[in-house]
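Chains as they are written, first to last, in our numbering: chain A, 317 to 656; chain B, 57 to 321; chain C, 100 to 647.
No lab work stands behind these hints, which were simulated from the structure alone. Remember, it's a predicted structure, so these values are computed and weren't measured experimentally. Every residue gets a Cβ at the ideal spot worked out from N, C-alpha and C, and that includes glycine. Check each hint, because a few of them may be wrong.
Unchecked claim - Derived contacts from chain C toward chain B, CB cut-off under 7 Å, selection only:
{"id": "1", "residue": "340"}
{"id": "2", "residue": "459"}
{"id": "3", "residue": "460"}
{"id": "4", "residue": "463"}
{"id": "5", "residue": "468"}
{"id": "6", "residue": "470"}
{"id": "7", "residue": "472"}
{"id": "8", "residue": "475"}
{"id": "9", "residue": "476"}
{"id": "10", "residue": "480"}
{"id": "11", "residue": "489"}
{"id": "12", "residue": "490"}
{"id": "13", "residue": "493"}
{"id": "14", "residue": "494"}
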Amino acid sequence: MVSPEQRAASAPTGERARTIARFLIPKILQCLFVIWATYTVAFLLMHALPGDPVLAALSLRGGDATSTDPAELDALRARYGLDGPLWQQYLTGFFGLFVGDFGTSIATGEPVIAMVGRAFPHTAAVAVFALVVGFVCALAFTVWAYIARPAWMRDVVTQIPPLGIAIPAFLTGLVLISVFSFGLGWFPASGTSGFASIVLPGITLALPTGAIFFQVFSAAVFDAGASPFVLTANAKGLAQRTVVTRHVLRNALLPSITIIGLQIGYLAGGTAVVETVFSRDGIGRLTVDAVLARDINVVMGVVVVVASVYAVVTLIVDGLYGVIDPRTRTRLLRGKVSAR
Amino acid sequence: MTILRRPGLLVAALVLAVVAVAVVAPQLIAPYDPFASVGSARLAPPSAEHLFGTDHLARDVFSRVVHGAQLSLSAAVLAVIAGLVIGSVVGLVTGYVGGPVDFVIMRFVDVLIAIPGILLALIVVASLGFGPLSIALGVGLGAAGSFARIMRAQVLRVRAEEYVEAARTLGVRGPVVLARHVLPNAARPIIAMAAMELALAILSVSALSFLGFGAQPPAPEWGALVSAGRDFVATAPWLSLLPGAVILAVVLAVNSVARSIRGDR
Amino acid sequence: MTALLTVRGLRVDYGTGRGAHPAVRGVDFEVNAGEIVAVVGESGSGKSTIAHALMRLLPVEAHIRGGEIRFDGTDLRTASTAALRRVRGARIGFVPQDPSHSLNPLLRVGEQIAESLRRHQGLSRPDAAARAVEIIAEVGVPDAARRAGQYPHELSGGLRQRILIGIAWACEPDLVIADEPTSALDATVQRHVLDRMQALAAAHGTAVLLVTHDLAVAADRADRIVVVHHGEIVESGRAGDVLAAPQHEYTRRLVDAAPGLHSGRLRPSVGVASRTAVPDAAPLLDVRGLGKTYGTGDRAVAAVDGVGFAVPRGSTFSLVGESGSGKSTTARMVARIIEPDTGTVLLDGRDITGVRGGALRQLRRRIQVVYQNPFGSLDPRMTVARLIAEPLRAFGTGRAETQATVRDLLDQVRLAPELLTRRPAQLSGGQRQRVAIARALALRPELVVLDEPVSALDVSVQEQVLQLLVDLQAEHGLTYLFISHDLGVIRQISDRVAVMRGGRILEEGSMDEVFHSPAHDYTRELIGSIPGRHVAEPAASGAQVVRD
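Next up, chain A with everything else stripped away, as it sits in the complex (with noise of 0.2 Å):
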């Protein structure tokens, strides 16, 4: 009898290829999608609103001294792109962001991929450093609470990292700059220098992004530590270790790596708040003013930047995630044959 290793080995390449194809083109459209969606929903909301984008953000810039002559408003629609019938706006809006052209800025009348080029590098320090403080010290609660003996110390531990939610991120960012900034002077207060300003701004970040993971990680736990195979691996003697790391964990973070896209959407809000405690250039302060300046042209663009990271990192991580299952992985290098 041919064994499917045998099969699948001297199968032709195209036929491997064409299902690792069958997994990754829907991954991929879907990463497309939910850019073009992204780019609907802003669209839509910005438009469907009532009231003249262009007149808005100008009568914000001068005042009363804002000239209403018709020719004029015209020529500057014309300038930023608002100029025509909806549809044609929507199209050239959406083609454009493909070659990189995101309008100009009402406000500043910069290219709006210039500002956000600018603010990206800032906001992503911060962010990695929050993703990564927060995943280390969600697995430090996480292992913590699940080998912690008695129950009233599982207890405790268990409602500490919730905790992270609850706070509001200005709140924390104004505590940790009065405490360590005014008072202990470790740490600048504001500005864009260095690995140092990074720490404030990060921690603050971090307990948030900790709690959402520690609340997936610790169900996972949870969940996979109540199940017959955990069960099965103590009945087999092991140390209390092996199975915690080789079973426990193994099984339970596996899944938990797929809330990484979720979490950048959560950091993309977030910095909104930091950047203004901190005073610090990025994306979210960018956002800030360009919604005071009726900016919408800003607006869409930061919408569409987040939106695209999202969904490229949701894609890499599921196509990882596919990889690292044995389970999906029998499927794809085997082909569509099933070993009995």
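Could you slot chains B and C onto chain A? The hints should help.
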């Protein structure tokens, strides 16, 4: 009642009771007029006379916080109700109907969840203008996505239950099955989630008003109070920290109640 | 000679304080070296709790409140966790119940055996891996070297269970505790797996503590039987003795109810009025060429392929087969829950295959269904009264008439009227199933499709429900299409039976024909897999009870 045996829940209930009074009848708790200055003591630290101290315009901060409860919480409650209603209806229909309709709608819901709540709210605010109503709508839209997803998951779970199929074989008509079997069994987790979403909504609403998009000064919305106190963090930190602490306390209290609805220990 | 394992006064509670529920109330028993002891009990008897308690593998909410667990001189109850981890796997092995979730899905199966070898026997990685392959071969898995490198999801349920047995025996323990090791498997597979376990025990001189709900299985395999009821041991003794002359009333009930230990169809109880059967020329249900395929292209699987049979009015026709045989799918097509791809279903001469919409709804009055899972098919939020009334209300019966009918139905299924206001969670499995039957009868159907209606029930309850079904059939002239994987159960209720495998009917005939002169090898194997056959009918099997 067993509530007495759980001190955490008891404290939470008390906090919420006080807050409820503050929302409905703030003048009962607040000793001073939130908009008027009380004497010449500016930036005074907390004392017996002024529980939370005074701000740079010599207004009693405690009174301002009490009066702000109404503004902050009504926006949050409105947001959750909007999200719950819109999201549940979408989730219920799309989960029961299934097929390509379900697929398309759920992809849009995915997007709604992908766009971070604050950004979504910012978009709405940018178009509609500032104010608590815009914030409520924006936060509500974001919450609607989560509700839709959970409602749909519940509907799918219940729909697969044998008693739903059994009802069809007993001759019960489709819409009746939906109303009598699917909805009641799917609703319980939604209610629990609504409570959690309320806590998140309070945080989002105060964050947005902190950024300046809520009710304009001199309205004593909580987030705005924290923001106003920022300039004085070095000299009079209580201006920001105390209203912030109140937000934290309320969020914890709502969380505690939400967890007990959900059935956690 | 002292016993290998001595248990005295074992007590286990679930929960603490005032909510504590005693699951095991002081049990005493022994297991000697090399012998097989079966612990028999129904669900909730505490037998599984005992098995887990011996190695202190209980869930967090369970607490051992007292007693002594002497294993080769050490009291396991008071031993340190470190000492316990040295005993587990090395001197006591454990075979868990559920093969589908008891193996780590991310590790290769060979590695899951090797892990134990490295830990207790100090073997090096390559040595342990090689020995693991030997063990896999020893438990009867063909192509052992290749299988060792596979993941659990690539193996069938029977193979996974063999791997679990291999894990338990890997370090040559003195005792193996097996907790319902074959309950989740098909009957034919069950028999082979148990055969293998018995062979291993004999070859290595291992003592086995076999926990099972099936008295017939215990009768087949064990040297001694211990019967557990409500957390206490009500009877114990040599297997043959316990079965031939049960001392305790509960044991007697179990022996009487075990389907494998009896022959013959149940007859309507004395006093049940029976409708004189009008000989009908045409069958009530006529199925021809039924087929259903899932999937498309080369991934298509024919769940049902060319199935046809006829059921005379007032009789019971059974479909028997293992999982994947297509019997459930066929039943659901007959009940018009799913659409057949090919074939016709004729009810009383009328073609109902393509019926839809309003006509389909009206059809529901004539065909009703009773499902397998008594909890799943009843809406947990509705009271018994509402549950039974639902079909009546759906067809517009008035409130007063509905109430009267509901009471009458409850009486017919022998349930007390107080149960009307209870919810399913407050009823036992048997009671729930009676409610499901009452509900199915509400519209006075002619044909009732029963999909494994007693499979989820305890043995002693099974018989009562089957008797009820037989009585109702006589009273109302009902026709049954009965689906089951359990030939023993089918024997008690059917007039005619069809054996299914792979979506096709292999053979069909009257109950007696198929049972005593099976035409097909597969049928013979199914019959042979009924546990307890050797004990029940030594004359039929032509030999005395023989132990290997």
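For each hint, the structure was consulted:
no. : hint : in the structure
1   : 340  : 43 Å, violated
2   : 459  : 9 Å, violated
3   : 460  : 5 Å, holds
4   : 463  : 4 Å, holds
5   : 468  : 5 Å, holds
6   : 470  : 5 Å, holds
7   : 472  : 6 Å, holds
8   : 475  : 4 Å, holds
9   : 476  : 4 Å, holds
10  : 480  : 6 Å, holds
11  : 489  : 6 Å, holds
12  : 490  : 4 Å, holds
13  : 493  : 4 Å, holds
14  : 494  : 6 Å, holds
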